[in-house]
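Trainee: Full structure from sequences and hints, please.
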Amino acid sequence: MRPAFSVLFLTTLIGAAQGLFIALFFVELLAPASVTANFYAVGSLLVVVLMGLGGISSVFHLGHPERAWRAMSQWRTSWLAREGIALPAFSAAAFAWGVAHWLNWGHTLAIGVVAVILAITLFICTAMIYVAIKVLKEWSHPLTPVNFIVFGCASGTTLAAAYAGFMAPDLAAPLAKSAFVLIALSIVTRGASLWRNATLRPVSTLQTAIGIRHPRIQQKAQGAMGGSFNTREFFHGKSPAFLRGILAAMALGAFALPLALVMFAPAVAFVILYGGLLAERWYFFAEAQHPQNLYYQTVG
Amino acid sequence: MTQLALVIDLNVCVGCHACVTNCKQWNTSGSAGALTDFKPYEADPTGTFFNRVQTFEVGDFPNTETVHFPKSCLHCENPPCVPVCPTGASYKRKEDGIVLVDYDKCIGCKYCSWACPYGMREFDEQRKVMTKCTLCVDRIYDQNLPEERRKPSCVLACPTGARLFGDVHDPASQVSTVIRERGGYALMPEACTKPANHYLPRRKTNVGVREEDLYRSDNPHKIDGAPFDHNLPPANEELN
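Heads up: the protein sequence lines correspond to chains B and U, in order. Numbering-wise (the numbering used here), the first sequence opens with residue 1 and increments by one. Numbering-wise (the numbering used here), the second sequence opens with residue 301 and increments by one.
Every clue listed holds true.
Distance condition first, Cα-Cα at most 30 Å in a straight line; then the derived BS3-like pairs of lysine-lysine: (1) LYS410/U <-> LYS238/B; (2) LYS339/U <-> LYS220/B; (3) LYS394/U <-> LYS405/U.
Since the hints were derived computationally from the structure, they do not count as laboratory data. Predicted model, so just to flag it, every value in this text is computed and none were measured.
Mentor: Put into structure tokens, the structure is as follows:
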């Protein structure tokens with residue numbers, strides 16, 4: 001698949017926002033006396049800003065963004081529609097939680113529980129968009145939602161540690177420790193899916209694609225000389241060396257450097273981790289081999 | 301319940317692309333159009349097509365067969381492109397099983413094209429909506445046309461009659477009969493999409509390939525008794 005940059009930014013930004021909110025909620029749950037109401041209010045503002053940036057980048061994916069409101073209608077069948085509902089619902093709940101802290105309304109734990117449930121719902125909706133495409137075996141696996149949740153929580157908790165460094169230094173160390181554990185966990189879960197996808201055997205072959213049972217079939221013409229939507233949307237078009245470069249950027253940016261830096265410089269660690277997650281998401285698209293590519297092997 | 305579909309006979313398709321051009325002409329002028337072209341007269345022309353003819357070579361030289369393979373939406377009975385659509389723009393008609401896109405509802409997110417294992421949908425870069433084969437829904441019911449012309453334009457264009465059109469749920473229809481009697485098959489059955497369109501397999505034809513067919517035996521440059529060398533013409537003195 002060709003990586004869609006709007007989707008790379010959307011999933012990484014809202015993932016960090018959801019992870020940040022979950023981290024802030026756990027601060028409220030476990031150490032309520034150590035911070036002021038402003039810590040939560042500014043933190044939830046950060047969550048809402050990240051969600052907004054994610055929402056804006058998602059608009060660039062659409063051919064007709066002015067019709068985006070229609071995307072909520074098919075929630076009975078489409079995970080994309082469910083994400084379209086869960087995204088503003090979580091943003092609103094996170095915003096309400098921040099306002100409740102700021103204006104001292106009370107019931108913040110109850111609002112927080114609702115928002116955390118919505119954050120997890122949004123993680124699942126986002127990941128299920130990819131799981132639901134059954135013909136893409138690389139995506140259609142339980143490791144996909146696991147990775148979305150773990151990466152979101154890892155980047156969000158790293159951001160929370162960096163944020164606490166400015167607003168509540170006492171909390172920076174425990175949050176950094178949590179982030180360290182989550183980044184280490186993401187190495188295990190993403191490593192498992194990388195290994196699975198590298199060793200995956202395709203179910204569809206050129207034989208099943210055109211229904212001719214012969215071991216040797218070669219495409220001689222694909223019906224168009226200058227390329228088509230099929231040759232643009234489903235091929236990343238990059239060299240194996242470029243792919244290895246992206247894998248290296250992911251190994252360094254998403255795993256090794258943040259793990260080494262998160263305890264000492266969480267803000268730097270977050271910036272590097274975010275870049276690493278963009279590389280990770282790029283590779284997530286590039287490693288998915290769409291069966292339609294079987295029909296587009298040779299120009300002619 | 302009716303399920304309209306095409307049956308494509310791979311025995312008689314000669315790869316002339318008449319179905320491709322007639323499909324493009326009808327649909328770019330009709331309610332499904334305009335199907336935009338970009339750089340049509342330059343080095344890399346591209347554009348929206350609902351139907352393509354691809355060519356495959358099966359076997360090892362010299363025992364090869366050329367298979368021309370027309371490729372358009374299969375109007376699956378279990379279409380993966382429909383439930384994923386967030387807006388309901390992508391839908392399957394109950395009355396005749398045609399899978400269509402409502403261009404006024406489509407937000408152009410391309411999710412349906414990711415879900416289709418066959419790559420049958422094409423995004424129109426000018427209108428910014430997903431497009432696909434309509435099975436010429438705007439002409440197969442047109443009362444102004446004579447009844448024998450109420451068929452998809454690709455079917456009407458085919459000079460060899462490789463494309464058959466009809467209701468695959470009616471056991472007495474021509475398409476059901478040929479699927480039953482000539483082993484009509486569906487593409488990528490492992491995708492569990494239940495395509496309505498079927499393909500008729502090639503019948504095995506044995507053409508004996510002899511050495512003389514591959515290399516010219518009555519070569520005027522040949523010298524009787526000399527070993528046959530088809531790479532180099534003989535020298536003049538050898539001929540004399």
